[in-house]
Every structure is written in structure tokens, then in C-alpha cells.
Amino acid sequence: MQKTLKIFLLAAGLCALGFAGTLLFDGEALAGPFMIGCFIFLAIGSRGHNVLKSFTFTIWIFAAVAASMFYPQYFLRVGDFQLTRLIVPLIQVIMFGMGTAMSLSDFAGVAKMPKGVLVGIVCQFSLMPLLGISLATLFGFPPEIAAGVVLIGAAPGGVASNVISYLAGANVALSVTLTACSTLLSPVMTPLAMQLLAGQFIEVNFLEMMMGIINMIILPIAAGLAFNRIFRGRAQWLHRAMPVVSMAGIAIIITIITASGRDSLLDVGLALIAAAIIHNGMGYFLGYWGARLFGLDEQACRTVSIEVGMQNGGLASGIALQMGKIATVGLAPAIFGPWMNISGSILANWWRGKPIQEKTEERTPEAVAT
Numbered sequence: 001m002q003k004t005l006k007i008f009l010l011a012a013g014l015c016a017l018g019f020a021g022t023l024l025f026d027g028e029a030l031a032g033p034f035m036i037g038c039f040i041f042l043a044i045g046s047r048g049h050n051v052l053k054s055f056t057f058t059i060w061i062f063a064a065v066a067a068s069m070f071y072p073q074y075f076l077r078v079g080d081f082q083l084t085r086l087i088v089p090l091i092q093v094i095m096f097g098m099g100t101a102m103s104l105s106d107f108a109g110v111a112k113m114p115k116g117v118l119v120g121i122v123c124q125f126s127l128m129p130l131l132g133i134s135l136a137t138l139f140g141f142p143p144e145i146a147a148g149v150v151l152i153g154a155a156p157g158g159v160a161s162n163v164i165s166y167l168a169g170a171n172v173a174l175s176v177t178l179t180a181c182s183t184l185l186s187p188v189m190t191p192l193a194m195q196l197l198a199g200q201f202i203e204v205n206f207l208e209m210m211m212g213i214i215n216m217i218i219l220p221i222a223a224g225l226a227f228n229r230i231f232r233g234r235a236q237w238l239h240r241a242m243p244v245v246s247m248a249g250i251a252i253i254i255t256i257i258t259a260s261g262r263d264s265l266l267d268v269g270l271a272l273i274a275a276a277i278i279h280n281g282m283g284y285f286l287g288y289w290g291a292r293l294f295g296l297d298e299q300a301c302r303t304v305s306i307e308v309g310m311q312n313g314g315l316a317s318g319i320a321l322q323m324g325k326i327a328t329v330g331l332a333p334a335i336f337g338p339w340m341n342i343s344g345s346i347l348a349n350w351w352r353g354k355p356i357q358e359k360t361e362e363r364t365p366e367a368v369a370t
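Oh and the sequence shown: position 199 is 199 in my numbering, straight run, nothing missing.
By construction, these hints were calculated from the structure, which means they are not laboratory data.
Accuracy of the hints is not assured; some may be wrong.
Unchecked claim - Taking lysine-lysine and the DSBU-like style, the derived pairs with C-alpha atoms no more than 30 Å apart in a straight line are:
#1 K53 / K3
#2 K354 / K115
#3 K53 / K6
#4 K112 / K325
#5 K53 / K354
Required output: the full structure, derived from the provided sequences and hints.
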């Protein structure tokens, strides 16, 4: 098996050389297949590599993005059916899966770790939207692109943050509680931040955005919670299937958004990538030191850092779609999302190599049990 996976890595290297050759010798017609093939072979081969395997999902995302950039016409519609219509249902499925993995005890974590939750929520909904508007202004993005940068900053914590927190040796119970609480607050906090900060770029309808978030996020999570409570332990097949379904859903969403906004992405792509790296990195930095400032222990500081730095790109994409601006406002979530997975994995691996020596105060035995 390992030998076969190494062959795929070799094939990825050959495709990379082929792609470089097409650029040198003006063989642009072959550039797309070589790049897409490189990412596909790398994604398959990475399963046998200790370092690369944690990036497998992100590499698949890159393959999907490459395909949608070179051949956008295949990801816009099937016959008369506009593929953008799949985005909201896919987000709802992903959020339902999140609900099935949760219980009411996750929200009880607020009482067990009030300080950590308060610090995390305040940092999430203050620092990140302000960073978004600052970067949008600094880079001079077109109005709708700028609004998208603010939007991803105003989104709640992403589900992937819980996995990254586990890998980083952070407080998983606090991470889950923060994700749950920021998600519940998002119908009010996200439209509010958009209205206050992005209203100068585009028209923002507070109530319409709030109802859209409730429809996309709150109702599916509530349905998932109800499902989990009714079928306790009797639907293990669903728990095994949902991570795969969620990853596939995210890949499809990003592919459709990239294809829809291809022309705008060609104009601002590098600047948007730079903004994503800065926004995300500053989120980790300010989240960590903000938690330190308020006296949280190392484990809680790592958790707040990850929660603040990683946003729910799917929700931001859905909001952009409901605004009718998926090809412009939706570009920032499509770019920021894959980068957050890359940086989160790197940060988790780095922190994993730095075991926490101090005794934690925020993580109680009851919290670990949840």
C-alpha cells in the first residue's frame, strides 16, 4: 500500500514538472490538466505521508479550485439548473451534522468556563470584523470584495476549529462551547457587524440577513440536536458518514463559488490571498494574547486563539449567495476557508510539539467528559 501511495506522489511531481514546462513553452492548453492532476495525485499519495496526510482535505480543495479556475463552465450549471442553488442546502446538511455531534451539555460549558467563553466571544466578534474592515481598506478592494472580507471576519467560529483544538492539545470542551455559543449569537452579531462596518460598501438588510442565518444555521443545528437526543447511540452510521459528507459539501461549495467569481478572482486573487493570510494570522495572535491578558491558562489561550482565527466560511458563503453576490462578496470566504485549514493544521502540529506543563484551571473533569 505504501509503495502504491509513493507512486502517486511521484506522479504528482511529474505533473508539477509538466505544469512548469507548459508555462515555459507556452503550452497553456495543457496547464490545467497538469495542475489538476498534480493536486489529485498529491491528495491520494499524501495519505501515506506522516506530515502531508493532515493536509489531504485541503489538497483536494486545491484540486477542486484549480478545476473551477481552468474550466468554470462545468461548475456553473447543469442544463438549466444553476449549481449555486446547491449552496444553502449543502450548508444546512453540514450544520445538521454539526448538531448531531453536539448535545445540550456543550452549552452548559458556559457555566463551567465562563471566563474563557466570554473572552473568546468578545475577541471573535470584535477583533475579526475590525481586522476585516482594516484589511479591506488597506488593500483597496472593490466594494463588494471588501464587504466579503468584512463578512468572513464577522462570521462565527468554524466547525474545523474543534478538530484543530484537539490536535493542538487545547481545551476541546471550551472549543466546542465557543463554537456553539458564537454560532447561536451569529444571527444578531454577524448582521450587526456587517451593517456597522460593511454598510459603506454594500446595502445590508439586517433582518433579512438574520433570518437567512437562522434558516441556514440555527434550524439545522436544532434539528441535529433533536435527532441526537431521540436516537442516542442508535445512528452510529450517521456519525461516521457526516464528516465525509461535510468535507464533500465544503469542497462543492468552494468549487461553485470559485467558478462563479473566476474573473474577479483573476483581478484580486493575490491580494485576497495576502489578506487571508494576514487576517487569519492576526486572529491567532490577538486571540492568544487577548486570552493571556485576561489571565487564562495556556490550554485555554490556545483554544481562544484557534477559535478566533478560524471562521465559518460556509455560513459567509451562504450569506453572500442570499445577497445575490456570490461571485464577489462570496470570494473572500472561498479563499479564506482553505487557508484557515492549512494554517490551522500547521499551528496544531507546532503546538503539539510543545506539551503544556502547567496545570490547567479552565478544563474541569466534567468538561472533559462532555
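Quiz item: Which hint numbers does the structure go against, in order from smallest to largest?
Solution: Per hint list: single violation, 4.
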